[in-house]
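Let chain A serve as the given structure and place chains B and C on it in line with the hints.
Protein chains in written order, with our numbering: chain A, 1 to 269; chain B, 1 to 154; chain C, 1 to 146.
Note that these hints are calculated values from the structure, not bench results. For glycine and all other residues, C-beta sits at the position ideal for the given N, C-alpha and C. Treat the hints with care, as some may be off.
[What the hints assert, rightly or not] Here chain C is said to cover these stretches of chain B; the calculated rule only asks that three of the stretch's residues, wherever they fall, bring their Cβ under 8 Å from a Cβ of chain C:
no.	stretch
1	31–40
2	49–61
3	132–146
Single-letter residue listing:
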Amino acid sequence: MPTELPTFDRPPLTEVFLAAQFAPLPQLRTAHLGEFLSALGPTWSPLPDAPALGQTREPVDSTPEWLLPGTLEIDLRTGTRLRAQSAGADRMLQVENGWLALNWAGGPGRDYPRFAALSAEYEQQYERWSCFLAERGLGTVVPNLWEVGYVNVFPRGELWNELGDIVGLLPRLLGSGPGSAGALQTISGRWAYLIAPGVGRLQVFVEHALRHTPELGECVQLRLIARGPVREGFGSALWQGLAIGHESIVQTFAELLSDKAKRHLGYRP
Amino acid sequence: MGRAVIQALITTSGDGTEAVRPEETILRRVLESNMEGARRDRISPRAFKPRAEKDKDGLSCFREKYHDPASVACAPPDFVRPRFARLRVRELFELKLSVRADPFEPNGVGHCLIPELTSLNRSESWAGDLHVRLAHELSECLGPFNCGDEKSAA
Amino acid sequence: MNATFNQGWTTGGRTYDWIDPSSRFASPQLREWQQRERDRWQVIVDLLLGWRSDPSPLLEEETPPPEIAVIDHALRVCEGWQRVGQSLPDRVLPDGAGGIAFEWYREPWFSDVEFESNGQGTWRVYHDSRPVDRGQFRWKPQWVEL
Chain A
1 MPTELPTFDR
11 PPLTEVFLAA
21 QFAPLPQLRT
31 AHLGEFLSAL
41 GPTWSPLPDA
51 PALGQTREPV
61 DSTPEWLLPG
71 TLEIDLRTGT
81 RLRAQSAGAD
91 RMLQVENGWL
101 ALNWAGGPGR
111 DYPRFAALSA
121 EYEQQYERWS
131 CFLAERGLGT
141 VVPNLWEVGY
151 VNVFPRGELW
161 NELGDIVGLL
171 PRLLGSGPGS
181 AGALQTISGR
191 WAYLIAPGVG
201 RLQVFVEHAL
211 RHTPELGECV
221 QLRLIARGPV
231 REGFGSALWQ
241 GLAIGHESIV
251 QTFAELLSDK
261 AKRHLGYRP
Chain B
1 MGRAVIQALI
11 TTSGDGTEAV
21 RPEETILRRV
31 LESNMEGARR
41 DRISPRAFKP
51 RAEKDKDGLS
61 CFREKYHDPA
71 SVACAPPDFV
81 RPRFARLRVR
91 ELFELKLSVR
101 ADPFEPNGVG
111 HCLIPELTSL
121 NRSESWAGDL
131 HVRLAHELSE
141 CLGPFNCGDE
151 KSAA
Chain C
1 MNATFNQGWT
11 TGGRTYDWID
21 PSSRFASPQL
31 REWQQRERDR
41 WQVIVDLLLG
51 WRSDPSPLLE
61 EETPPPEIAV
71 IDHALRVCEG
81 WQRVGQSLPD
91 RVLPDGAGGI
101 AFEWYREPWF
111 SDVEFESNGQ
121 GTWRVYHDSR
131 PVDRGQFRWK
141 PQWVEL
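This is chain A alone, in the form it adopts within the complex:
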């Protein structure tokens, strides 16, 4: 793979997230999670609790996906997921007994800070989390899965007007469809690619959706989410995994878009 990744001047991003799954710690409690998020300082405000994701597994070998992810630990009491949002509402930190995630929110007037900067921020939070746990004798973070996700949105009126136009936006994913089935009403699809055996998997989701913010309107959401195991169980493998996932996402995003879409988004190969 080339060492230089393509970039976009105007990436249509609404959210980017980096996350690590780690082996749940037996003595970690929700109160500890709250204490950890409180230490972010007064400029961060708590968000409503969310259900815990629980532990999951990403099939990255030739074994077929026979067991849906996250279904073995349905009742594993890892507690709840606590979340906090930064003052500018452009950062979210999520923590549960088994996951730590940093999310960036795009929007009007917000420039995407680039992966290197986000990754460095996430690494800081990860180190802070590790120290927090060690100081309280709660255990060591042993990561077992990395995850990086990019959520892109294409509003109606920008690059597409009728649903059939979406074929022109993502020509390598979508075909023109049957002509005798009637008017195309909505679309959704999921593709999963093995980045490399044992390394990770990239999932691509295309969904026609209705969004409420910043204003009510139809859009096409293109999500690229990469995940992979951290088999060695220590930090550098986690960062390597996130970098591999990011690279796979960027390369794939560029390949999926039509030339017209690339020009519109300020593509730099």
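Using the frame of chain A, we list chains B and C on its own:
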């Protein structure tokens, strides 16, 4: 078990102490719970998972030369829809498993053990892998037997 | 699908909605298939409930019945699997030591998940009876005794 039943069970002479030969076949009882479900054509590997009390010294089986499966199926204990898995001793040897004659009085002249598979190691990964091979690769399923006419339903 | 990732703001139901959930337009064949799937899950649930209320059939074949805690967990797992569309196991059976095993046969693949009575769990995948992958997990929290 009465002497008459023993006579019906035993199909060959001998005291059961002679070494088990490669050309023999042995039988492992398969419980109904190991066959129930959507795939009645496949024996569960758990049929070969040694049981805590009964398989302490090895996986308990019977030498078919001594015990006709249809007869044994209908002898006490009176299990529902009894079945057996037939295994070829030669194939067990090829898996580096041994079969040791282990006769007992009064009704187990053909009893034998696979000593490598015991209740102590039944949760080990390598043992679990062997259970799968025994069930899915090496077994021929016999039964269920309709007790009463002692004829195989298979 | 959204709930299985670490998305924060753009999780479905908060910011985005489906315009046209596909389930509204399920064909009669699909609905029939869905009913069959529900019926098959019910058979499994009834089996587990049967062990819970009357383990005598297992005792009669000298099989140690699953422990109540394992049965209750298996029932929750089945409910969750059914909800997320997990393919039905082909067999559910006691593991012979108070636990419960689920098995899938998709020749040449075989897979199983075992919930042991000690709170441990194991999943395994085989291809042509050869091990391909396996893993362990805990389904019951470990409590530290003081």
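Against the structure, the hints:
no. : hint    : in the structure
1   : 31–40   : holds (count 8)
2   : 49–61   : holds (count 4)
3   : 132–146 : holds (count 4)
Every hint from the earlier list agrees with this structure, and none is contradicted.
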